[in-house]
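**Student:** Listed here are the chains, written in short residue letters.
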Amino acid sequence: MKQYLLAVQDDESAPPPSDEEMRAQLARTGEVTAEMQAAGSWVFVGGLLPSHATTVVRPGDGTITMTDGPFAETKEQLGGFWVIQCDDLDQALSWAEKCALACGNPIEVRPFNIIPAE
Amino acid sequence: MDLDSVYRAEYGRCVATLTRLLGDIGLAEEAVQDAFAVAIGKWAEAPPPNPGAWIVTTARNRAIDQLRRESTRETRHEQALLLHQPDEPEDVGPVRDDQLRMIFTCCHPALSPLARTALTLRLLGGLEVAEIARAYLVPEATVFQRIVRAKKKIRDAGIPYRVPAAAELPDRLTSVLTVLYLVFNEGYTSTSGELLRPDLCLEAVRLARALADLMPDEPEVIGLLALLLLTEARRPARVGPSGELVVLAEQDRSLWSQELIAEGHELVRRCLRRAQPGPYQLQAAINAVHTDGPATDWTQVLALYDQLLHHTPTPIVALNRAVAVAEVHGPAPALATIDELDLPGYHLLPATRADLLARLGRWADAVAAYDQAIALATNDTERTFLEARRARLAPDG
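In order, the protein sequences belong to chains A and B. First residue of the first sequence? That's 1 in my numbering, and the numbers climb one at a time after it. First residue of the second sequence? That's 1001 in my numbering, and the numbers climb one at a time after it.
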């Protein structure tokens, strides 16, 4: 079994969806999550607030600096993510297709670097 | 025994089987190369009756030994366990399936299109990295890097080694057919330098034959093979004595390979009986008409292009259809069908326009269109051909 991150790319320069659109989107992504849970593929899901609420904490010379904002100031930001477990990339990609259709955003599929258990 | 030709013929098959046994393409390649190194010494005295099976067995045994040595410092139990499963590489069934698995893995849509082509030529065609680099006129290091990255992604991302399920098959098969078609096309009209790279054409035909053998019930697979055979059949007539491009109408038909044409026509008939047309089958049918009898029946070609355009409404198909429209209805209606086409950077659009304009006697417009086409053409033979066409235009009507 492998684990994959399904990261939702959010275009923060696009106009925000209306409340109604937002509710419909949440209903659709909720259905996909429920389907993942029923299939035993679900590990975690979470939606994120926009990047204005982000702080970066950076180590250097034994001290810590804090800066306002995300790692990179680009319009594409991480909007939320699922963590799933499945046999191979094909299964992960078919979940990603469902997620992309449900939320209407691009999904980046990335395998976890699993450290073999002892 | 000629070890080089055995290597070329058996490398891909052996790697495909070892990949199933070892669960990793990189390990499989190492093991197969290892076994060929052993073969150099052993086969000089007594070559085995079945070289492929000998390589698979030797590679598997050497891989088991190596994994046993390594399993103490690295956890590769999984592979080692797989190795203990009884498996008969001599058995034809699973070996054929291994190659099919390998084609689908190499052409997985999660890999970049360039990586798919390079991997297919390396792992299925048995071409060396240097040969692929020469064919595509890119540095060897670039091809090497591309292949290494792709194999790493296959392993790390968990791209499965299997033939896709029926539901995914149409999409995945399209990707496989595209790769084979692109390999052939790159050989038939290279994007730079010389016009033809026959080794790529032959390799694409060989792989398409293998795929058709493995999936005889997929009409588009048969269609692709027929298309490649009917195009390949005309290759000897496509270039004149001094290396110049010869258009279809002016080709010496006695140079065409009647054997390939007969095989292609038979496959097209098989597709027609099945009546599930697709883009490759329709293109094959068009080429069957071109290679049937002493001259092309353009009405039939146009009817097939109408169908193809319906299936694949792309500007390239519309452009090719215009050539048939010109033959059936004349250059003016043909010109009207391509006026709106948008194919930036594609030299054959202005080249086709130039030809139609010349037939209408619009010399100045034709010269301008040829100039445009010449500026966009990337291989020397096509450029020379277009310059000759431009020079042939009647200067003042």
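Just so you know, these hints were derived from the structure itself, not from any lab. Treat the hints loosely; a few may be bogus.
Here are some of the chain B residues that sit facing chain A, going by a computed Cβ distance under 8 Å [stated by the list, open to error]:
1) A1110
2) P1113
3) I1159
4) G1243
5) A1249
6) D1252
Each residue gets a CB set at the ideal place from its N, CA and C atoms; glycine is no exception.
**Student:** Would you check whether G1243/B satisfies its interface hint, that is, whether its CB is within less than 8 Å of any CB in chain A?
**Tutor:** Since chain A brings no Cβ nearer than about 46 Å to G1243/B, farther than 8 Å, the hint is violated.
**Student:** Less than 8 Å between beta-carbons is the criterion; does I1159/B satisfy it with respect to chain A?
**Tutor:** Holds: closest Cβ of chain A sits about 5 Å from I1159/B, inside 8 Å.
**Student:** Under the criterion of a CB-CB separation shorter than 8 Å, is P1113/B in contact with chain A as hinted?
**Tutor:** Because about 17 Å separates P1113/B from the closest Cβ in chain A, which is outside the 8 Å limit, the hint is violated.
**Student:** A1249/B was flagged as interface toward chain A. Is the shortest Cβ-Cβ separation under 8 Å?
**Tutor:** Since the shortest Cβ distance to chain A is 47 Å, the answer is violated.
**Student:** Is the interface hint satisfied for A1110/B? The criterion is a beta-carbon contact with chain A at less than 8 Å.
**Tutor:** Given a least distance of 6 Å, the restraint on A1110/B holds.
**Student:** Is the hint on D1252/B kept, meaning its closest Cβ partner in chain A is under 8 Å away?
**Tutor:** Cβ of D1252/B sits 49 Å from chain A, so the hint is violated.
Against the hints set out earlier in the document, violations occur for numbers 2, 4, 5 and 6.
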